[in-house]
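Visitor: One letter stands for each residue in the lines below.
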Amino acid sequence: MTPYGSSSLAGSTHDALTRKSTTASRKMAAHRCSCSSWLFILFSLSVFVVADIHETTPVNDHHGGADHNAQTAEQTADQPAVEGRRWEATEVKEAATVDAAADTQGTSAPETVVPSSVPQPKDDFQEELVIRPLHSGDIYASFQFRTLWDTDFMRENKVSHYRLFPKSLGQVISKFSVRELHISFTQGYWRTMQWGQPFIPSPPGAELWVWFQDSVTDVDATWKELTNVLSGIFCASLNFIDSTNTVQPSASFKPLGIGNVTDHSFLRYATLPREIVCTENLTPWKKLLPCGSKAGLAVLLKSEKLFHSSFHSQAVHIRSVCQDWQCKTTSWELRQTVNSVFDLHNSGQAKREWSLFKMFSRTLTEACPLASSSKLYIDITDNPQGEQFELSPATSLLSQAVVLGDRRTFSVYDLTQETTFGSVRSLNLLIRWKSNEGEMLRPLLHAERYVAGYGLQTGEIHTLMYNNHPYRSFPVLLLDSVPWYLRLYIHTLSVTSKGKDNKPSYIHYEPSKDRVKPHLLEMLIQLPPNSVTEVTVQFERALLKWTEYPPDPNHGFYVGSSVISSLVPSTVAMDTNSTRERPLFSSFFPCKEESSYFVRIYTEPLLVNLPTPDFSMPYNVICLTCTVVAVGYGSLYNLLTRSFQIEEPNPGLAKRIANVIRKMRGVPPL
Amino acid sequence: HHQCVNGWMTGCVKRFGVLKRYTNTGHLPFKNSAGQFFSSGHTNNWAVLVCTSRFWFNYRHVANTLSVYRSVKRLGIPDSHIVLMLADDMACNHRNPKPATVFSHKNMELNVYGDDVEVDYRGYEVTVENFLRVLTGRLPPSTPRSKRLLSDDRSNILIYLTGHGGNGFLKFQDSEEISNVELADAFEQMWQKRRYNELLFIIDTCQGASMYERFYSPNIMALASSQVGEDSLSHQPDLAIGVHLMDRYTFYMLEFLEDIHPASKTNMNDLFKVCPKSQCVSTPGHRTDLFLRDPGSVLITDFFGSVRKVELTMDAINLTDPIKQMEENPVNGEEQKEVYSYADQLPVSEIIHQKPKQKDWHPPDGFILGLWTLILLVFFKTYGIKHLKHIF
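Order-wise, the sequence lines are chains W and B.
Each residue of the first sequence is one higher than the one before, counting from 1 in UniProt numbering.
Each residue of the second sequence is one higher than the one before, counting from 1 in UniProt numbering.
Simulated from the structure, these hints should not be mistaken for laboratory data.
Quick caveat, the model's predicted, so the values are computed rather than measured.
All C-beta atoms in this analysis are idealised placements derived from N, C-alpha and C, irrespective of residue type, glycine included.
Fair warning: there could be bad hints in the mix.
These stretches of chain B come out as covered by chain W in the derived footprint (C-beta under 8 Å, 3 or more residues) [what the hints assert, rightly or not]: (1) 95-108; (2) 113-120; (3) 145-155; (4) 340-347.
Produce the entire structure from the sequences given, and follow the hints as far as they go.
Guide: See the structure below:
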């Protein structure tokens, strides 16, 4: 945040006025406003400079009567006071110290004030829970835990002293020269059309993608070892990741962390769509947290409740991020997330009412003592006046964030504050619905996939991608990884939208090799506005050797989700400053331009039946018995019952032809 | 229970602390009494717990295994020393009305799955091959520690198997089986590789006694739920869950183990008496002829509990601070001018103009055509059309 120290430099008159007239508590707001106006002048951006999430701008529109041009400092500073609500300064500490610094230092150069005045901690832990009531009546809960550590795992003397960062993962990073690691375990399928976009997407089953450092010589061997080690850490069958389900995408899965190296030979991507997710995966995941599941938000992660949900996803993301705004040094970021969608009707209560205790069978009593920030956000964008649901206890702290192309408003509960827990020393948030109305904003992009065809020989994979934007087209990058036992007929590949051929501007196809590697298909397609784009490709099912069938072959074989990466037009200006302090949920995907945001969605995995022999014992017994009966008894019976007679020798060819002619003439044959 | 165990364990360690102080001041009788802690001849405990059955209707086999897991964990064997193999996921099975639980008792009384479980081999990983590799230690080099049985010749190992079996075999995943001869050979290999001190083998399956008939390695004690020719029966049908929750033998063994605490003096003879025919319907069997000690002197906790390695010392040890604070040298400070940036997630133009992968070199088609024309031209120039008859 450059302009903090420079308010006096910028020195617009109303700024000075407000500074004199407002109280100390409102001083900060004034500063922020001054900053926005300063930005306004400096960058001559549009009215919505508001990319700053903690901006005090036009939510007041909802409150009626507020002037649309009410961008002046005074009004924005006054409005919250009238409403009895307070806009959150997420950079509470930083902003405060910076303010102080700015006050004391006076007119120092804006670039140097912020980072130098705040001593950077060596490691830092933040936790956050976002709860979004969905229009379907479900509740979306998203936990994020972030550990930052300013260290270099790759340097000569190995890192040996760990504090907040889990040692098991630190050793993995340095041993396997990992640059970036993303692993997720998901149960259930994210229903985009009902629930909107998740903060962090993940496909059903297990997904793992890793960028290695360019110092790695044998990437495939390192990858294999890494999957084995991770399978031990997370109690999962990740050791089933081998060359038959690993691909090397050529354009998808760019690194999410910093670094300009994009040589895709250091990237590996694999999914296990059938992987089950249960307590044994959550237990080691929780052990990676500095507070474990003993304190802070993680106490809510009780497996009995968490797995009794419509959707559950847990993930670990490791990447390197900028240490400060200058971005000359990096620090390692470990982001642990749990995303869950709870079905209200699942719990058997007809009343539309929900509380932390009902959802997690726990209430919150404290923040993790090691956390520098611990917050609970409730999405109240669709509920500005409390007409949809009612929150209790109410909070006066509000916050705004631009996330997934939309500006959302949140009620914030700061768990590091004693007052949050009230006199009962425990926070049990309650949401009581008042009405069922309200339409969800239709997601601009969603996709689905299915298998068509009948029989066990051939079939067709259909992928449908919907662009719901009324007038803008946008590009999507489709990645499909299909196992070798479905042989794709790539010449039948067709991409159509609105009944016309839609020629992909980039196609990358790697054919499969039996028992060695899967198909990889990547296509860059422009989706026309308000359209459905259909990608179809035919395939043939291969026969497996009988030892290659799993113990339950009749269940079918899974094909992992298609991955669709896209730049979707945003309705509000996105925040392109990736080094700015933001709530965790809005800071996962870096954003390069203001007009669009990056989103990744996954389709359903496919379940395909392969021709399967019957392995059951009765069947084999019947087959054997029938063979014995047919060959033994059949021939004996045949011998006994047949009457033998001498057959005349076969007439020659000439004679047969002659007979045919004679037959036509009506003369008796020879 | 967990509270109780922890309390005892810390109590145990504390006692040694006291002991040490007293020995230092010359109270020798305490030192002699320490002997009883090391009487059994082993210094560490391991457990390999295997459920070999897949599919929802075999819920009870998973519950069997998890109930033993619960017991050994409660009695002090840490997760790092337990290799738990579950052939199917019952807890988060879609048919489970209460996800993330596996119950051993009716009316959802005892959740043996718990909130802190680490399954080392699961689903398709549970195969005869993997099981034998774990026992014999012949695993690929990159196998993580949690999937290995890192025992030595001072280890007491508990091996528990449950699943569907017959005379002389146990089925794995309904698709393959392990025979009693293979199992006996694996144990022999373990013995020869000095991978155990004593081994307790328990199997709950039909005709279970047939599985230990062929054992020939020393120091093995074996128990089975039924004799050859007998079926082992299930127990505890639950209407809400819709399947049987446990097998009879393991159910009564769990009841028995629930009363054991880390300091209890219950011995193997008591374990042999578990589940008489009146309760089990089948006749549980045991085999002790390979075992050197008298079962009456073998504590249950010699196999189900854990030994903490404690060494007594009378020397004063100076602990230096092992953690050296790293020197804060801002190498990356001013001299480094490189500014990092985030990668573009979908660089459209870059992708479109991405160069296709270099293929193996192939001469252009025109070149080959030209070459052939040249050859033919030279040919006709040399021989002329009238000499063609010499060629053909």
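Visitor: Each hint should be assessed against the structure and marked as holding or not.
Guide: Against the structure, the hints come out as follows:
Using a Cβ-Cβ cut-off of 8 Å, 4 residues of the stretch 95-108 of chain B lie near chain W, which meets the minimum of three, so the contact claim holds. Residue count for the stretch 113-120 of chain B with a Cβ under 8 Å from a Cβ of chain W: 8. That meets the three needed, and the coverage hint holds. With 3 residues bearing a CB less than 8 Å from a CB of chain W, the stretch 145-155 of chain B meets the requirement of three and the coverage assertion stands. Coverage of the stretch 340-347 of chain B by chain W holds. Counting CB-CB distances below 8 Å, 8 residues qualify, and the rule asks for three or more.
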